[in-house]
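Asks: Okay, here's what each chain looks like letter by letter:
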Amino acid sequence: MSGKRGAAEDVPGDDGFAEEGSADDGIGYDGGYDGGGYDDGEGLIEDAGGPWERRLHIVTGKGGTGKTTVAGALAVALATGGRRVLLTEVEGRQQIAQLFDTPPLPYQERKVASAPGGGEVFALAIDADEALLEYLEMFYNLRSAGRVLGRIGAVDFATTVAPGVRDVLLTGKVKEAVNRPDGTRPGGLAYDAVVLDAPPTGRIARFLGVTAEVAGLAKVGPIRAQADSVMAVLRPDRAAVHLVTLLEEMPVQETVDGVTELTAAGLPIGGVVINMARSPLLKVRESMQAHRGELDREEIAAGIKEAGVEPTRELVESLVWEAAQHADRVALETAQRAEVVALGRPVYELPLAADGVDVGTVYRFAELLRAQQMVG
Amino acid sequence: MSPAQDAPGTVRRLRPQPAGVPYFDVDEMLDTERIVVCCGSGGVGKTTTAAALALRAAERGRRVVVLTIDPARRLAQSLGLTTLDNTPREVAGIDLSAGGRLDAMMLDMKRTFDEIVLAHSSPERAQALLDNPFYQTLSSSFAGTQEYMAMEKLGQLDATDEWDLIVVDTPPTRSALDFLDAPTRLGTFLDGRLLRILLAPAKAGGRAYAKVLGAGIGMFTRVLTKVLGAQLLTDLSVFVAALETMFGGFRARADETYRLLGEQGTSFVVVAAPEAAALREASYFVDRLDADGMPLAGLVVNRTHHSDASTLTVERSLAAAENLDEHGEHPLAAAVLRIHAERARLAEREARLRERFTSAHPDTPLVEVEALAEDVHDLEGLREIGCALARVDRLEQTG
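In order, the protein sequence lines correspond to chains A and B.
Quick note: the first sequence uses my numbering, first residue 1, plus one each step.
Quick note: the second sequence uses my numbering, first residue 1, plus one each step.
Because the hints were derived from the structure by calculation, they are not lab data.
Keep in mind the model is a prediction, meaning the values are calculated, not measured.
Careful, some of the hints might be misleading.
[Stated by the list, open to error] Cβ-to-Cβ under 10 angstroms is the rule here; a few derived chain B residues that face chain A: (1) V21; (2) M29; (3) S41; (4) A309; (5) A320; (6) H330; (7) E348; (8) L353; (9) A373.
[Stated by the list, open to error] A short list of chain A residues far from chain B (calculated; beta carbon distances all over 12 angstroms): (10) K111; (11) E120; (12) N179; (13) A232; (14) Q289; (15) I304; (16) V309; (17) A331; (18) A335; (19) R337; (20) V341; (21) G344.
Every residue gets a Cβ at the ideal spot worked out from N, C-alpha and C, and that includes glycine.
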């Protein structure tokens, strides 16, 4: 662990490209960690910022904030320029397949998208039962025994019921993908980066903090060893947890709570991604007037008439009401944005996709994340 | 409340019910049912909907308790839920003139579980169980415990006969369907074959089970020991033995609460946001309720956007705005036209998503609730949502 401090001294200032070296060597955990403020004793990062050249990107967020969309966009952004990225999900909802408009994913890595510059995004829906069978086979050559266990409910027990074991299996599979060697590739690893579409903010610290949970139950044994090796991947120089939020009270509150919990658990926090942000379309003074319902109706009527639309009183009133809704929404978002910024984490912003999200949106968002230097 | 409502000449009309979609009579449900269960995927406004329904029922004269799981901080404060003590407390600031009242409580999962243990055993045995590490983890983090405890609490509240109506918010599970499965899953686990085999040394039947399955019990425990570690297995056996003698049949309890949900007097309300994923979950949920014979009252589509100026299309509105921009004239009108275009586009998409749902479920009553520009965190906001749910024009009602 002492090497880490040495690495931190190599930080080439705050030009935002501190991690270039580590991206090239494909390992990325001994090379230039950009935090500088990381302290082994407390597990804190003081001023880590983007771009996030990490082996593992964990994307969390409250339900409905679009974390799968952001995870998909981040995977494409990371793959851009010819890299190979694995996008994983662990909640059995087949959200990645829906996002990329592909048939449901089996427990098998499949290519779901290409990225500009020859990059590739593979996807995997991790299933705890399958991960357990794979694990039994890999370490104990016990696959057929595993099937017997399945019949009497032991697999269900171990993956669904035994507390923490399920999470250890899921994160264990992610860890395996992160570390998987491939001698044919530059860097020697199968994937240049892994993106995990993780459980929601309310559960993320517990999901990742498997060691503490499992340690209470399994003090020795392979599950314990597995938990410990997962924690090794969750080091701040190798992994980052990004939080997705909307500019609304509850998601922002959950984001604030999530940052607190992740910090307390010593887990590496990345950036905050604001999703579905509205662009303000009114000037400040107009917003105030709109809020009070006092927009200049005669001016609006004259304007739309000029543009060839018949300005009935009803239409103008409807437009004024809609403008008021817009102004109030923007005001709410401005207030909530201040709360997000106050967290002191790098903030990235994606706009509302009024037409809905499709594969095109994912590519557009990937470009926006790159333009905002979330990834290099 | 939206300030635009008070503006001179502005009347916020009720949103028209989509053509051909059955009307969800929320007031009828609130006036007659005994239990209303709100379910849906996370982040769709389930808790707010549950609170708004409960408040409306109380102000219509019923004695109501609302059981919430994880309310937003300010919403919790507005309901007086400042302490998490697992007991219903009366909510202040309610209009009591119709003779009703509103109590609210927040579920404390671990405490509810502890209470079951304490109620069903001697103090020493209860303490031994409460101290078991396996119990501690199960009671605070088992996926399904929260759902089970919500059902347990519902059963308890129902048994007191203190309220006319119980409104239940359901846990923010990864999938709405977990809510129906979880009680059975916990019951199955605690009452299942596997655990009986684990307890086999103490029982005659265990070995027979293992023979039937063609696997020696020795191999079986060896594998489990390998995977989980011997100590975990020992803790587990002790835990299950204690639990089993205490409860008799946990599954019977789970089945009992499940039956309560299917009874006359219970209504399920599915809550969704006008987004593809949330409506897909809602769709599955409606099917699942139907398959299980659970009474579905209707679907609430929350936070929708509509436009009263729908005759002005997105394309025409944008073209008009561009026209004005080109001539550098009337910037305010151009901005307002762009705002309208964005809203109309949202409204069109939401209508498409809703139609997808209604064509698959033409008989499911539905109500749409307009998105408020601001978050709801006081009783006034909840009243407004309540009116929208019941499709009552607020201005008409108060004025």
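Asks: Can we keep the B/M29 interface hint, with Cβ of chain A closer than 10 angstroms?
Replies: 25 angstroms, violated
Asks: Against chain A, run the beta carbon of B/A309 and see if the smallest gap drops under 10 angstroms.
Replies: 4 angstroms, holds
Asks: Would you check whether B/H330 satisfies its interface hint, that is, whether its CB is within less than 10 angstroms of any CB in chain A?
Replies: 3 angstroms, holds
Asks: Quick one, is the B/L353 hint okay against chain A at 10 angstroms, beta carbons?
Replies: The hint holds - B/L353 has a Cβ within 10 angstroms of chain A, the shortest such distance being about 8 angstroms.
Asks: Given B/A320 was flagged as interface, is its beta-carbon under 10 angstroms from a beta-carbon of chain A?
Replies: 4 angstroms, holds
Asks: Determine whether the non-interface label on A/V309 survives the test: each CB of chain B must be over 12 angstroms from its CB.
Replies: Label violated. Min Cβ-Cβ 5 angstroms, cutoff 12 angstroms.
Asks: So A/A232 supposedly isn't at the interface. Is its beta-carbon more than 12 angstroms from every beta-carbon in chain B?
Replies: 20 angstroms, holds
Asks: Checking a non-interface call: every C-beta of chain B should be farther than 12 angstroms from the C-beta of A/E120. Is that right?
Replies: 26 angstroms, holds
Asks: Check the non-interface label on A/G344: least C-beta distance to chain B beyond 12 angstroms or not.
Replies: 21 angstroms, holds
Asks: Does A/Q289 really sit off the interface, with its C-beta more than 12 angstroms from all C-beta atoms of chain B?
Replies: 9 angstroms, violated
Asks: Far enough from chain B: is every CB of that chain over 12 angstroms from the CB of A/I304?
Replies: 5 angstroms, violated
Asks: Does the claim that A/K111 lies off the interface hold, with its Cβ farther than 12 angstroms from every Cβ of chain B?
Replies: 23 angstroms, holds
In summary, the numbered hints that this structure violates are 1, 2, 14, 15, 16, 17, 18.
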